[in-house]
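Novice: If you want the building blocks of each chain, they are given just below.
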Amino acid sequence: MSRPDAGTMREQLAGEGREVVVSHGTVVVELAPVAVLATAQELKARHGFDLLLDVTAVDWPQREPRFDVVWHFYSTRHFLRVRVKTQVAAADPVVDSLTGLYGSAGYMERECHDMYGIRFRGNDDLRPILLYEGFEGHPLRKDYPKRREQPLVPYRK
Amino acid sequence: MNANLKRPAPALEYLTTKKDELVGWARKFSLFPYPFVTACCAMEFMSVSSTLYDTDRFGAALPRFTPRQSDLLMVVGTVTHKQAPILRKVYDQMCEPKWVIAFGVCATSGGFYQNYAALPGIDKIIPVDVYIPGCPPRPEMVIDGIMQLQDKIARSKHPIVNDRF
Chain C
15 MSRPDAGTMR EQLAGEGREV VVSHGTVVVE LAPVAVLATA QELKARHGFD LLLDVTAVDW
75 PQREPRFDVV WHFYSTRHFL RVRVKTQVAA ADPVVDSLTG LYGSAGYMER ECHDMYGIRF
135 RGNDDLRPIL LYEGFEGHPL RKDYPKRREQ PLVPYRK
Chain Y
408 MNANLKRPAP ALEYLTTKKD ELVGWARKFS LFPYPFVTAC CAMEFMSVSS TLYDTDRFGA
468 ALPRFTPRQS DLLMVVGTVT HKQAPILRKV YDQMCEPKWV IAFGVCATSG GFYQNYAALP
528 GIDKIIPVDV YIPGCPPRPE MVIDGIMQLQ DKIARSKHPI VNDRF
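Top to bottom, those sequences are chains C and Y. Quick note on my numbering: the first sequence kicks off at 15 and runs consecutively. Quick note on my numbering: the second sequence kicks off at 408 and runs consecutively.
Hints listed in this document are in silico derivations from the structure and should not be mistaken for laboratory results. This structure is a prediction, so every number in the text was calculated from the model and none was measured. Check before you lean on any hint, since a few could be wrong.
[As the list claims (entries may be wrong)] Computed list of lysine to aspartate or glutamate pairs in EDC-like fashion (alpha-carbon distance at most 16 Å, straight line):
1) C/Lys156 <-> C/Glu44
2) Y/Lys559 <-> Y/Asp461
3) Y/Lys489 <-> C/Asp73
4) Y/Lys564 <-> Y/Glu428
5) C/Lys160 <-> C/Glu150
6) Y/Lys489 <-> C/Asp128
7) C/Lys99 <-> C/Asp82
8) Y/Lys531 <-> C/Asp128
9) Y/Lys489 <-> C/Glu147
10) Y/Lys489 <-> C/Glu150
11) Y/Lys564 <-> Y/Glu503
12) Y/Lys496 <-> Y/Asp478
13) Y/Lys564 <-> Y/Glu547
14) C/Lys99 <-> C/Glu150
15) Y/Lys489 <-> C/Asp82
16) C/Lys171 <-> Y/Asp427
17) Y/Lys505 <-> Y/Asp461
18) Y/Lys564 <-> Y/Asp463
19) Y/Lys559 <-> Y/Asp536
20) Y/Lys559 <-> Y/Asp427
21) Y/Lys505 <-> Y/Asp478
[As the list claims (entries may be wrong)] Footprint (simulated), chain C over chain Y, 3 or more residues, beta carbon under 8 Å:
22) 483-492
23) 514-526
24) 549-560
A virtual CB, placed ideally from N, CA and C, is assigned to each residue, including glycine.
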């Protein structure tokens with residue numbers, strides 16, 4: 015059996031409410047938030063995407079729903095990359111956690127929660143990882159003031 | 408006995424100086440640096456402390472890895488807000504007399520990090536004696552900074568010099 019390339023992977027993933035294109039050699043899957051967990055399961059179990067590279071988000075302040083949540087997967091068997099994107103609203107930015115499938119999701123989801131305030135259903139440990147306890151707001155959101163500082167040590171006079 | 412065989416006076420029988428200058432001279436060549444190294448400036452710090460530029464010449468060769476044994480705090484690299492309490496604690500643990508060098512532009516002013524994470528200059532939380540800007544600073548700049556600190560130490564009043572000494 016020959017190794018699937020991005021084109022065949024695109025064909026295999028298309029359908030079921032998923033919009034799939036190939037961009038710069040990466041398979042890009044756009045789908046609804048409810049479909050994320052099932053799609054990740056399928057990617058891991060059926061298509062050999064054994065490595066979760068990144069969980070992050072994009073803030074589009076003018077758009078509704080405001081956030082993209084983005085996952086990157088890599089297959090060490092097929093040498094292929096897949097990017098999964100979904101949109102969530104600012105009012106309730108929740109998606110399913112992938113910690114049940116990939117242990118590495120834990121830290122990355124905590125970072126994403128730090129920076130964008132995305133919550134991950136099923137991840138009970140969303141303590142700050144790069145930020146510190148008591149930090150208000152989410153600094154990579156576009157409405158976080160660029161110059162706002164939250165020092166832990168009081169400044170000298 | 409022949410008077411001509413009298414032993415000649417030693418060349419440096421006595422030396423006049425000010426007590427402060429004497430202590431300052433001794434102190435300026437016995438700096439014990441504590442490297443608080445957080446970022447890429449560390450590479451430049453290594454370069455300046457090793458053979459080619461050799462801060463050993465200034466008596467500042469032996470980094471002490473406990474603040475309690477050192478009198479020169481070298482803050483090398485970016486300090487974030489999350490790290491600031493650690494820097495403050497290290498500074499508080501050092502005994503007097505103590506001096507601080509801000510090594511590199513990030514320690515000096517935050518550099519190009521003007522954001523939620525970075526402390527805009529360590530002088531916001533601890534006093535600084537010498538600022539060495541540059542990203543990273545050239546070894547010549549670091550040596551110049553150390554020499555300026557030595558001048559400052561030599562010129563300053565030393566509290567251990569009092570009426571009884």
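Novice: For every hint, state whether the structure bears it out.
Specialist: How the hints compare with the structure:
1. C/Lys156 <-> C/Glu44: Not satisfied, since the Cα-Cα distance of roughly 23 Å exceeds 16 Å.
2. Y/Lys559 <-> Y/Asp461: Violated - the C-alpha atoms of Y/Asp461 and Y/Lys559 are around 21 Å apart, more than 16 Å.
3. Y/Lys489 <-> C/Asp73: Not satisfied, since the Cα-Cα distance of roughly 24 Å exceeds 16 Å.
4. Y/Lys564 <-> Y/Glu428: Measuring from Cα to Cα gives roughly 9 Å; hence the hint holds.
5. C/Lys160 <-> C/Glu150: Holds: C/Lys160 and C/Glu150 sit about 14 Å apart, inside 16 Å.
6. Y/Lys489 <-> C/Asp128: Given pair Y/Lys489, C/Asp128 holds - Cα atoms ~14 Å apart, limit 16 Å.
7. C/Lys99 <-> C/Asp82: holds (6 Å)
8. Y/Lys531 <-> C/Asp128: With a Cα-Cα distance of about 25 Å, the restraint between Y/Lys531 and C/Asp128 is violated, given a limit of 16 Å.
9. Y/Lys489 <-> C/Glu147: Holds: Y/Lys489 and C/Glu147 sit about 10 Å apart, inside 16 Å.
10. Y/Lys489 <-> C/Glu150: Holds - the C-alpha atoms of C/Glu150 and Y/Lys489 are around 14 Å apart, at most 16 Å.
11. Y/Lys564 <-> Y/Glu503: Answer holds: Y/Lys564 to Y/Glu503 is near 13 Å, not above 16 Å.
12. Y/Lys496 <-> Y/Asp478: holds (14 Å)
13. Y/Lys564 <-> Y/Glu547: Answer violated: Y/Lys564 to Y/Glu547 is near 28 Å, above 16 Å.
14. C/Lys99 <-> C/Glu150: Answer violated: C/Lys99 to C/Glu150 is near 27 Å, above 16 Å.
15. Y/Lys489 <-> C/Asp82: violated (28 Å)
16. C/Lys171 <-> Y/Asp427: Roughly 30 Å separates the two Cα atoms, so the pair is violated.
17. Y/Lys505 <-> Y/Asp461: violated (22 Å)
18. Y/Lys564 <-> Y/Asp463: Roughly 25 Å between the alpha carbons, so the hint for Y/Lys564 and Y/Asp463 is violated.
19. Y/Lys559 <-> Y/Asp536: Measuring from Cα to Cα gives roughly 9 Å; hence the hint holds.
20. Y/Lys559 <-> Y/Asp427: holds (12 Å)
21. Y/Lys505 <-> Y/Asp478: holds (4 Å)
22. 483-492: Check passed, 4 qualifying residues.
23. 514-526: holds (count 5)
24. 549-560: With 0 residues closer than 8 Å to chain C, the region 549-560 of chain Y misses the three-residue bar; violated.
The earlier numbered hints that this structure contradicts are 1, 2, 3, 8, 13, 14, 15, 16, 17, 18 and 24.
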